[in-house]
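Chain by chain, the residues run as shown.
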Amino acid sequence: MIGADPTTAFGIYVHWPFCLSKCPYCDFNSHVRHAPIDEERFVRAFKREIETTAARARGREVSSIFFGGGTPSLMRPQTVGAILDAIGKYWGVADNVEVTLEANPTSVEATRFRGYRAAGVNRVSLGVQALDDSSLKALGRLHTAHEALEAVAIARSVFDRYSFDLIYARPGQTPAMWTEELRQAISEAAEHLSLYQLTIEEGTPFFDLHAAGKLRPPDEAIARALYDVTQDVCTRHGLPAYEISNHALPGAECRHNLLYWRGQEYAGIGPGAHGRLDIDGIRHAVATEKRPEAWLMRVEAIGNGIVADDLLNSEERADEFLLMGLRLREGIDPQRYAALSGRPLDPRRIAILRDEGAITISTEGRLRVTQDGFPLLDAVVADLAA
Amino acid sequence: MSDELQKQGTPPTANIRNFSIVAHIDHGKSTLADRLIQITGGLTDREMAGKEQVLDSMDIERERGITIKAQTVRLKYRAKDGKDYVFNLMDTPGHVDFAYEVSRSLAACEGSLLVVDASQGVEAQTLANVYQALDNNHEIVPVLNKVDLPAAEPDKVKQQIEDVIGIDASDAVMISAKTGLGVPDVLEAIVTRLPPPKGDRDATLKALLVDSWYDVYLGVVVLVRIIDGVLKKGSRIRMMGTNAAYDVERVGFFTPKMQQVDELGPGEIGFITAAIKEVADTRVGDTITDDRRPVAEMLPGFKPAIPVVFCGLFPVDADDFETLRAAMGKLRLNDASFSFEMETSAALGFGFRCGFLGLLHLEIIQERLSREFDLNLIATAPSVIYKMKLTDGGEIEIHNPIDMPDVVKIAEIEEPWIEATILTPDEYLGSVLKLCQDRRGVQKELTYVGARAMVKYDLPLNEVVFDFYDRLKSVSKGYASFDYHLTDYKPADLVKMQILVNAEPVDALSMLVHRTRAEGRGRAMVEKMKELIPPHMFQIPIQAAIGGKVIARETVRALRKDVTAKCYGGDVSRKRKLLEKQKEGKKKMRQFGKVDIPQEAFIAALKVDS
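Protein sequences appear in the order of chains A and B. Each residue of the first sequence is one higher than the last, beginning at 1 in the numbering used here. Each residue of the second sequence is one higher than the last, beginning at 1 in the numbering used here.
Since the hints were derived computationally from the structure, they do not count as laboratory data. Incorrect hints may appear among the rest.
[To be verified] From chain A, some residues computed to sit far from chain B (all C-beta separations above 12 Å):
hint	residue
1	Y13
2	S30
3	G172
4	G268
5	R276
6	G357
7	T360
[Claimed, not checked] Taking lysine-lysine and the DSS-like style, the derived pairs with C-alpha atoms no more than 25 Å apart in a straight line are:
hint	chain 1	residue 1	chain 2	residue 2
8	B	K566	A	K137
9	B	K581	B	K549
10	B	K586	B	K530
11	B	K575	B	K586
12	A	K214	B	K566
13	B	K156	B	K477
14	A	K290	B	K566
15	B	K477	B	K490
16	A	K89	A	K47
17	A	K290	B	K198
18	B	K490	B	K389
19	B	K178	B	K257
20	B	K434	A	K22
21	B	K434	B	K444
22	A	K22	B	K575
23	B	K233	B	K277
24	B	K586	B	K566
25	A	K137	A	K22
26	B	K198	B	K156
27	A	K290	B	K581
28	A	K290	B	K233
29	B	K156	B	K178
30	B	K387	B	K409
31	B	K477	B	K456
As the structure is a computational prediction, the values presented were derived from the model and not from experiment. Where a beta carbon is used, it is the ideal one built from N, C-alpha and C, also for glycine.
Just need the whole structure built from these sequences, with the hints factored in.
What follows is the structure, given as C-alpha cells:
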C-alpha cells in the first residue's frame, strides 16, 4: 500500500475556473475573462459552498486538498488562505494534510509561491507541458521552456513537494526526441512527474484541426513506442509509474489523486467541480454549475452550486471502481468489485486477459494491469466491465 | 336486400359468383377489393375510413402493399338484370413465395379478375398466377387499373396481355380503383362474364377445406367451399383426410365482418367452427363430408406447401430464447408452412433452424418476430435442401451445412434448380443477364413484349436465396419483376466453405457453395468481417477455407495504444459514461473464443455479394 490509509482518506477538490488564455488542447472547465475578477465575491461563495457541503458530509477528517483549474495560480494567496481557513472551520483537517495547487510555470506566478506556502499550500503541480519552445507555442502555452524551468527552480526552493506535467505524443515527436526531453525533465524533477499522452478532445481547437487533417499526432505504433520509452526511462531513473500517467519516488505519490483512483470520498467545491460522497450508505456523484458567474449566483441564492446529485447504482459504482482502480499499478481487489456490483468479474474474460498478458493476479489476490496491458488500459477495462 | 336473401336460405347457384383477383404487387388488387366492398355495402363509409386495404389485416401486409394470407369476403349485389347476386371474393397473395395460397384460393373459385396496371403492364408474378388460374379452368376478366394516370397506355397493355398470356383483352374493363371510376362495370362483368358454380343441393355434403386459422375468440376457424349438399349448424361432419369427426358449432361468412347463418349451400364459400383444438388438426385441401353418409370419393386436394429455404434464427440477447420459441409457436398457429426446430450454435448460442416457402416468407417471418414480439434476431445464411448420395449407397437430404457429412463419405451432391421468369425494361437487360450468368444461370428464352424483355433462366436455387432479389432490384432500379418455380435436382460441384475467426470455424457462417463461386464469396465475406470486427489486443486472422485449404485471408490488426485520458478534477462520471457506451457495444457482440464479434459482422458477412 502506498499513501494515506484508504479507510480514512477524504479529499477536497477546489476548482478555480479562470485562465489567461485557453490552450487549444484543453477541454477542462476554464474561462478567460477580460475584466478583473471580483475575488472577494468568489471567496464568499467558496466559503458558503464549503459550509453547505460540510453540512452534508460531516465528521470526515480532510487528508488532502487540491486546487485545480483553470489556473489556480492566478488566485491571490489570501484567496487560497481564506478557502483553506474555511475548510478548517467546517471540517477536521489531518495534521499531515496534503495541499496541492496547480500552477502555471511563469515568472509572474512564481512570485506568489511563497504566499501560497504561507497560506498553507505544501505541494505544487506545475503545468510545464514541454521543454522546447516550439512545442510550447504549438500547445498554446504562454511561457517558454527557460521560464518554466526557472519556475520549477523556485518551486523547489519554496516547497518540499512539487511535481510537473508534460504532454507527449505531440505532432512530430519521435521516441528519440522524447527520451531526451524526459531525461532533462527527470533531472529537474525531484519526486513526482505526470506524463500525459496528448488527447484530442471534442470541442477544442485541436479537435477541429485534427478533423481537418491539419494536426497529425503520432500514429498508434509511435504512440506505443513513446509510451514504452516513458516507462523505460522513468523506471531506470527511479520514478516508476504508480498510475498510468503518474510517476513518483515510492512514498511521494500524490495522495489526493490516489483517493480518486481508489474510489474514496471527495467533495468538489467551485464551478464545475465534481464530488463523490457517501451519504447514508449511498454513493452520490455530485457536480456543480460550470459557468463561473452562474455558479456564483446559484451559491449566493441557495448556498451551493450543485446541478447534478446522482445516486449511483451498484453497477455504476462498480464501473467507477474498476475504471479508476485499474489505472493504478497496485490494481484492485476483485472481492471489492464483486461486493459493489453484486456479481464477480467474468472468469472467462479474466482468463483471456491473463493469457494475453494484459493482467495478473497477485499472491494477495489483487488484480493488476501489467506493463503490457497498460497501453491498452481502456480495452482491458471495457473487457472486464462487459 | 340482405334480409330477403337470408329468408330464402342459401342462394341458388345461378346467383353465386366466386372469383379471385390476380395482380402484381402495387397494381391495385387490394384497392379494387376495397372499392368492391364499399360499393356493395360490406362496410359503411365510416368503417372504411382511414382503413386502406381492409382485407390486408396484418400491419406488415398494409405496409408492404402485399397480401400474405388469403382472405375471403362475401358481397351482395343487385345487378342490372334486377336479380340479387352473392359474390365471394377470394383475395390472394401476389408473391411467388405464397403461390401455394394462391392455388388454394383459385381452386375454390370459377373465375378471376386479372388486374394489370395500365402504365406498368404485365409482370412476372402476374404471369405465374394467371397461368395457374387458367390451369384451374377459370374464366378471366382483364381489368386495366390506373387508366386515369397520364402514363397509362391501355391499348399497349391490352396488346401485351393478348401476346403474353394469350387471352382476349378487347373487352378489358377500364378502371381507376383509387377514384372508383369503372368499378360498377367490374361488378356487372362479374355477373355476366364469370360462370356460376355448379353443385347439387340434394347430394351428400362435399366441401373443400380451403384454409384454417386460429382466432383468439373462436378457436380454429375453417374456411370451406361447398361443392355439393348443405353444411348445417349442429350437424356432424367428417374430415376425410384426417378421419376426424366434429360437431359444427358455427356457420357463416365474412362481409368482411363475420356473419353467422344456419347453413351454407352448394357453391357457397364461408366458415365453420367445430371445437377443433389446433390448426394442425386440419389439413388444407381436405374433403369435408357428412359423418353418417360420407361421399365415396375425396376431392383431389392440394400438394402440401413444402419449405424450400432454411436458415437459423438466433436471438441477439440470449435471454430472449424462450420469448422467441413462444413467438414462433404463435406464428406457426396460422402459418403451417413455416417450420422450426431448436438449433445450437457455438457462435450464436441457442436458436432455431427454420424452414420457409421462399425468401420473402423468410423476411416476413423475421420481420413479424421483431415487430410483433419485439425480438432482435440474427439470421444465418439461407440454405436450400441438398440431396447427397453417400459412398455407402445411402442418400440423405440436408439443409444445414453443419449437418454435412465428411467429404470422403459423399459420392455426389445434388442441388435444386428453378426456372425463373424475369421481366425487365430493355435498358436493364444487360445487367439482368449478367446477374443471372454470374449466378450460374442457363438462359432458356429471351423475348420482347413491347419495350420489355422477358427472359427465362434455369438457375440453382442456392444462388437465388443468396441476395438475388436485392441484386435484381438494384441492377434494374426496381423495375424488373421476378417469378420462379422449382424444376428439378441436378448434380453440382458444391463445397462446404467455412469462415475461421482466430483459427476457429464460425459455424453460423458455414455454407455450401459452388466451387467456382467459393473464392469470390469467401473473399467478400472475410473483407466484410475484417471491417466490422474491432481491433483486439492481439491480431485476428479471418480466413475462408474449404476443408483444410485457405482460399481467402484478412487480418484484424492488434491494438497498440489506447489514449487513456487524464481525469480532470475527479470527473469520473464522464469516464463512466464512456465505459457504459463501450459496454453497450460489447452487449451487441458475440464472444467467440477470445474474439468479440459484433452482430453486424454476422449480418453483413451473410449479405455480401461477390
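Here is how each hint holds up against the structure:
1. Consistency note on Y13 (chain A): stated as away from chain B, yet its beta-carbon is not over 12 Å from all of that chain's, at 5 Å minimum.
2. Its closest Cβ contact with chain B, about 10 Å, brings S30 (chain A) to no more than 12 Å, contrary to its assignment away from the interface.
3. No Cβ of chain B comes within 12 Å of the Cβ of G172 (chain A); the nearest lies about 17 Å off, and the non-interface call holds.
4. Separation of G268 (chain A) from chain B is inadequate, the least Cβ-Cβ distance of about 6 Å not exceeding the 12 Å criterion.
5. Chain B draws R276 (chain A) into its interface by the beta-carbon criterion, the shortest separation being 7 Å against a cut-off of 12 Å.
6. A beta-carbon of chain B comes within 12 Å of the beta-carbon of G357 (chain A); the shortest separation is about 9 Å.
7. No Cβ of chain B comes within 12 Å of the Cβ of T360 (chain A); the nearest lies about 15 Å off, and the non-interface call holds.
8. Of the pairs offered as hints, the one joining K566 (chain B) and K137 (chain A) holds, with about 21 Å between alpha carbons and a cut-off of 25 Å not exceeded.
9. With a C-alpha separation of about 39 Å, the suggested pair K581 (chain B) and K549 (chain B) falls outside the 25 Å cut-off, and the hint is violated.
10. Annotation: proposed proximity of K586 (chain B) to K530 (chain B) holds, straight-line Cα distance about 17 Å (limit 25 Å).
11. Of the pairs offered as hints, the one joining K575 (chain B) and K586 (chain B) holds, with about 16 Å between alpha carbons and a cut-off of 25 Å not exceeded.
12. Annotation: proposed proximity of K214 (chain A) to K566 (chain B) holds, straight-line Cα distance about 24 Å (limit 25 Å).
13. Pair hint K156 (chain B) plus K477 (chain B) holds up; C-alpha atoms about 23 Å apart against a cutoff of 25 Å.
14. Of the pairs offered as hints, the one joining K290 (chain A) and K566 (chain B) holds, with about 19 Å between alpha carbons and a cut-off of 25 Å not exceeded.
15. Of the pairs offered as hints, the one joining K477 (chain B) and K490 (chain B) is violated, with about 32 Å between alpha carbons and a cut-off of 25 Å exceeded.
16. Among the hinted pairs, K89 (chain A) with K47 (chain A) is consistent with the structure: their alpha-carbon atoms are about 10 Å apart, no more than 25 Å.
17. Of the pairs offered as hints, the one joining K290 (chain A) and K198 (chain B) is violated, with about 86 Å between alpha carbons and a cut-off of 25 Å exceeded.
18. Taking the CA atoms of K490 (chain B) and K389 (chain B), the gap is near 12 Å; set against the 25 Å cutoff, the hint holds.
19. Proposed proximity of K178 (chain B) and K257 (chain B) is supported: the alpha carbons are some 22 Å apart, at most 25 Å.
20. Between K434 (chain B) and K22 (chain A) the alpha-carbon distance is near 61 Å, which puts this suggested pair outside the 25 Å criterion.
21. The hinted pair formed by K434 (chain B) and K444 (chain B) meets the criterion: a straight-line CA distance of about 14 Å does not exceed 25 Å.
22. Distance check on the hinted pair: K22 (chain A) and K575 (chain B) sit about 23 Å apart at the alpha-carbon level, within 25 Å; holds.
23. Restraint check for K233 (chain B) and K277 (chain B): the C-alpha separation of about 18 Å stays at or below 25 Å, so the hint holds.
24. A hinted pair counts as satisfied when its Cα atoms are at most 25 Å apart, and K586 (chain B) with K566 (chain B) qualifies at roughly 24 Å.
25. Simply put, K137 (chain A) and K22 (chain A) have alpha-carbon atoms about 13 Å apart, close enough for the 25 Å limit, and the pair holds.
26. Of the supplied pair hints, the one linking K198 (chain B) and K156 (chain B) is violated, its CA atoms being roughly 36 Å apart against a limit of 25 Å.
27. At roughly 24 Å between alpha-carbon atoms, K290 (chain A) and K581 (chain B) fall within 25 Å of each other, so this suggested pair holds.
28. For the hint pairing K290 (chain A) with K233 (chain B), the CA-to-CA distance comes to about 79 Å; that exceeds 25 Å, so the pair is violated.
29. Between the alpha carbons of K156 (chain B) and K178 (chain B) the distance comes to roughly 22 Å, so the proposed pair stays at or under 25 Å and holds.
30. At most 25 Å may separate the alpha-carbon atoms for a hinted pair to count; K387 (chain B) and K409 (chain B) meet this at roughly 13 Å.
31. Under the criterion of a C-alpha separation no larger than 25 Å, the hint pairing K477 (chain B) with K456 (chain B) is consistent with the structure, at around 20 Å.
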